[in-house]
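Spelled out from the first residue to the last, the chains are:
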Amino acid sequence: MTIVGSKKNGLSAALEPGTRRRTARTEMSPLAMRSTQLLLTLAVLGAWELSVRTGVVDEFFFPLPSDIFQTVWVWVSSGFVFPHLWVTMQEAILAFIVGAAAGLLLGFVLARVRFLERLLDPFLQMFNALPRVVLAPIFLLWFGLGIWSKVAFGFTLVFFIVFFNTLEGVKSVDRVLVDNARMLGASEKQLLRHVFIPSALTWIFSSLHISVGFAITGAVVGEYLGASAGVGYAIAQAQGVFDTKGVFAGMFILMIVVLIIDLLVNRLERHLLRWRPVQSS
Amino acid sequence: MMPAAQADKSKYAVELAGCTRQFPTPGGETYFAVRDINLKVEPGRFVSIVGPTGSGKSTILNMAAGLLNPSAGEVMSFGEPVNGVNRRASYMFQQDPLLPWKTVIDNVSLGLTMAGVSKSEAHAEARRWLEKVGLKNFADRYPHQLSGGMRKRTAIAQAWIVNPDVLLMDEPFSALDVQTRQIMENELLQLWQESGKAVVFITHDLDEAIALSDEVVILGAGPGSTVVGSYEIDIPRPRDLLDIRDDPQFVALHREIWGRLKIEVSKTYETAMAEEGDVA
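So the protein sequences, as listed, match chains A and B. Mapping of the first sequence onto this note's numbering: residues 1 to 281, in sequence order. Mapping of the second sequence onto this note's numbering: residues 1 to 280, in sequence order.
Quick caveat, the hints were computed from the structure, so don't treat them as lab data. Some hints could be false.
In silico DSS-like cross-links for lysine-lysine, where the CA-CA straight-line distance does not exceed 27 angstroms [unchecked claim]: (1) B:K40 with B:K11; (2) B:K102 with A:K171; (3) B:K119 with A:K189; (4) B:K132 with A:K189; (5) B:K119 with B:K132; (6) B:K136 with B:K119; (7) A:K171 with A:K189; (8) B:K136 with B:K102; (9) B:K132 with B:K102.
Pair by pair, the computed Cβ-Cβ distance ranges are [as the list claims (entries may be wrong)]: (10) B:D234 with A:L116: 49 to 59 angstroms; (11) A:P83 with B:S120: 45 to 55 angstroms; (12) A:L105 with B:S120: 48 to 58 angstroms; (13) A:V109 with B:E74: 33 to 43 angstroms.
Each residue gets a CB set at the ideal place from its N, CA and C atoms; glycine is no exception.
The shape of chain B in the complex, shown without the other chains (with noise of 0.2 angstroms):
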């Protein structure tokens, strides 16, 4: 798993080095949204970033993305400051992000488009991934046609076929119900194992992060959270994600990391019931 350019350890496939980002409040206060944030992303490596709620997982992400500029601390990409919009990266998001007025083959084609590929290569090469996530006979739907989980298959298709190095992903399966969800974590894996990208997934949920990643990075309680703790996941691959919660290394690792997890969620809940303590 180790890439061929480690002598380079420059060359993170997204590196945050401590990373601040702030937001002014309407009270004319500063809120720190994330603080100190130390991420560094090998290329080909599964990370995910789990935290309790309102811990800034979205904030670290759209820095990494480009799409916020950090207040302090820098963003790199495979060496290069990210400015602007990171062009290595694509990006899932949580909400659906189709556009509703182009068909699924032409929002699975827009990236291609966009960078001046022919409509009829771009139609090709979308044929191609949309029979990859099972969507061949769905091309010339529009989104609002489709099925939750199928509109996810089509995101899917849309973020993979510009050929991104860095897959960056809010929580992308979390609106889906909990059968489709593992159906769609195992396609993710087997898509990323021939791909060799580096992937940084958000979520909220333990279990999906541990049995998905090759690391697990843990936030602390926001607001100015920033890394906790980071865990090696040494399960080997390829993994069967609907048995491997029974996986006696898979229990081990959880009840170590949520027993750190456990502290800064509590903490979370702690300060949202002062805070309605105060409002009452």
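Same shape as in the complex, but just chain A (with noise of 0.2 angstroms):
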């Protein structure tokens, strides 16, 4: 007991310090900040480029920057990559919505529900174990190089991510508030509207977040193991042909999609959740 006691006032004596001097440290403006980023990117790709020119790295393993930024120009300039990247959007979209779909409803019956989560639990964790990227294969001769075998491989990656995030969100959702509310005279509808969707909603979001990204991973994975469009499609195109140049300007264009459409969720995430207190944002 007085171990115990002593070991934690050592602890909080000595972090104490150093919670003092991040208070007392003035924090840097927003424009500053993004300066700081601006020169950070410029000196790292700076670099880089040197670094190539100067012959220390191999240009056929990283391609110049500048070359790189210039296959991206050609690329979006010449409309060549717009149809593939529609295709993989268009899987990613699917997979996104069908996965987060299944996810959402099969975590609010589960946690609603306590036979049917008990029944199913070791299923759910035995597929869950499983590497998803072995099911790729299996998907391409079930469903063929269309867009089909990649909107099933994206849906095993989203489906579980949205679907533990929601049973845990659900699940510890606070007792008051579903005492007060069933108090209050609410259905079993109305407890899911009032408390279960808006209490898991934190929860759902911070799943959304991965499972967009990995809605888009799986199309491309999938593409890139088997298909005849798509970004994945392009860059193992590129890979084929030794032009590392293409494989980075794939992974460059996909980075900026998946960026703009985590700005999107963020932005939906604080309308959704602006009864939240700032700080905790």
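With the hints as a guide, bring the two chains together.
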């Protein structure tokens, strides 16, 4: 008892100077932060460019950043990349919608029906334990080279993330809120609408951020393994002819697209969770 | 204070008859929270339940609310067995029960909108209640923007707006500071006096219980506690809670009831010490 107590005291004493220093330090203004970030980017890219030009790094493996951006520009300005991007987006959006809907539905049902949760838990754990990439070849056989094999693959990635987060989110709802709503006359449907769904939203959103990324990952990996269109296919083609610039250009374009989508999810999250105290978000 | 329906003894606002509640422990044994509880609350009466820590006060209230089924015995409300949630009752929780994603006015009108009242009508009624609890300028705030006392007021409005016949209150003011708490107690009494509702009030604070109630029920030390005493509080109403602690009647009642409660409190303390000794 005493040992634990003194340890705790020692720990908080050790932490204290750090916290004090942190509060005392003045925060950087957003503009200054942005400029520093820009500087950092330029420094890294500049170092990269320089070390390739001076021959320290082999251009075959690490093409010049300037060349990569030029390839990106060619892909974009010639319109070459857009049909591929469209295919990838279609796959990702379908996988995301179907996966998230199924995950939400099953998450809510299992969180509310204890019997089903206990019944299905081992099976869900089993499928979740399976490294999803090994499913890609079998989906390719089942659903063909078109978009559906990628949608199925993305689905398996998105579904489990959304499902487990929803289950946890609904189960961790404050008991008092539920009891209070029931005392005020809430039916099961009203409980869901007024208490469980809003309460699980924080969890669901944290899963959406990850699952949006995974939906695109699913599409790209699927395309990479076998497809006739899509950004993953374009990257695989570039790799096939040892065009590393093309590989990097594909990566860059995907990165920008995912960033934009994440920004939109953030917007939606801020709107739907506007009731939250500012400091916790 | 005696209700008109006194002739009909079955029409208690809340009646617990021989109620026992047990829980299975992780070790596979049975833990008795409360044993053989008999409690009768007439309509319009303010009854407090006081007991030491772990005497199952909340268990009793949850059974009266229908949130918890008794393992044995029966719970009645106005002559009807409570099956599922007690429709005649509102509950005020010790913890914060407000939905953080709803504004104050949406929280207060929740009971009405869920019962199918139109939103404009429910909001009009909610505004009346917010004015009554002094929060009419805070209707569009979210709960986290309010102080603890304001959140309690919101919770009171939320519980009262559905016009229940019984109010079940589980240490509703225990989280507040002493001054805010006295103000809230005064406001509660005023609301209650105009209303004719029955109140079952849980507290561990004997002062609070005597000051507010018509009757104070004492629970024995847990586990498996039961009612060990019941005291009529005949201090005339309306009472001024800010000065009541100097009232000679209050002092006499306090001495008498504390004499009984003290025994249970020290029993609880001794058990706790003995258990701690076992662990060491």
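Here is what the structure says about each hint:
1. Between K40 of chain B and K11 of chain B, the direct Cα distance comes to roughly 10 angstroms. Compliance with the 27 angstroms bound is thereby established for this hinted pair.
2. Simply put, K102 of chain B and K171 of chain A have alpha-carbon atoms about 20 angstroms apart, close enough for the 27 angstroms limit, and the pair holds.
3. Distance hint between K119 of chain B and K189 of chain A is fulfilled; the C-alpha atoms sit about 18 angstroms from each other, no more than 27 angstroms.
4. At roughly 31 angstroms between alpha-carbon atoms, K132 of chain B and K189 of chain A are farther apart than 27 angstroms, so this suggested pair is violated.
5. For the hint linking K119 of chain B to K132 of chain B, the alpha-carbon distance of about 20 angstroms falls within 27 angstroms, and the restraint holds.
6. Between K136 of chain B and K119 of chain B the CA atoms are separated by roughly 17 angstroms; this keeps the pair inside 27 angstroms, and the hint holds.
7. Restraint check: the Cα-Cα separation between K171 of chain A and K189 of chain A comes to about 16 angstroms, which is no more than 27 angstroms; the hinted pair holds.
8. Restraint check: the Cα-Cα separation between K136 of chain B and K102 of chain B comes to about 16 angstroms, which is no more than 27 angstroms; the hinted pair holds.
9. Among the hinted pairs, K132 of chain B with K102 of chain B is consistent with the structure: their alpha-carbon atoms are about 20 angstroms apart, no more than 27 angstroms.
10. Separated by about 56 angstroms at the C-beta atoms, D234 of chain B and L116 of chain A satisfy the suggested range of 49 to 59 angstroms.
11. The hint said 45 to 55 angstroms for the Cβ distance between P83 of chain A and S120 of chain B, and at roughly 52 angstroms that hint holds.
12. With their beta carbons about 33 angstroms apart, L105 of chain A and S120 of chain B fall outside the hinted range of 48 to 58 angstroms.
13. For V109 of chain A paired with E74 of chain B, a C-beta distance near 34 angstroms keeps the hint of 33 to 43 angstroms intact.
The earlier numbered hints that this structure contradicts are 4, 12.
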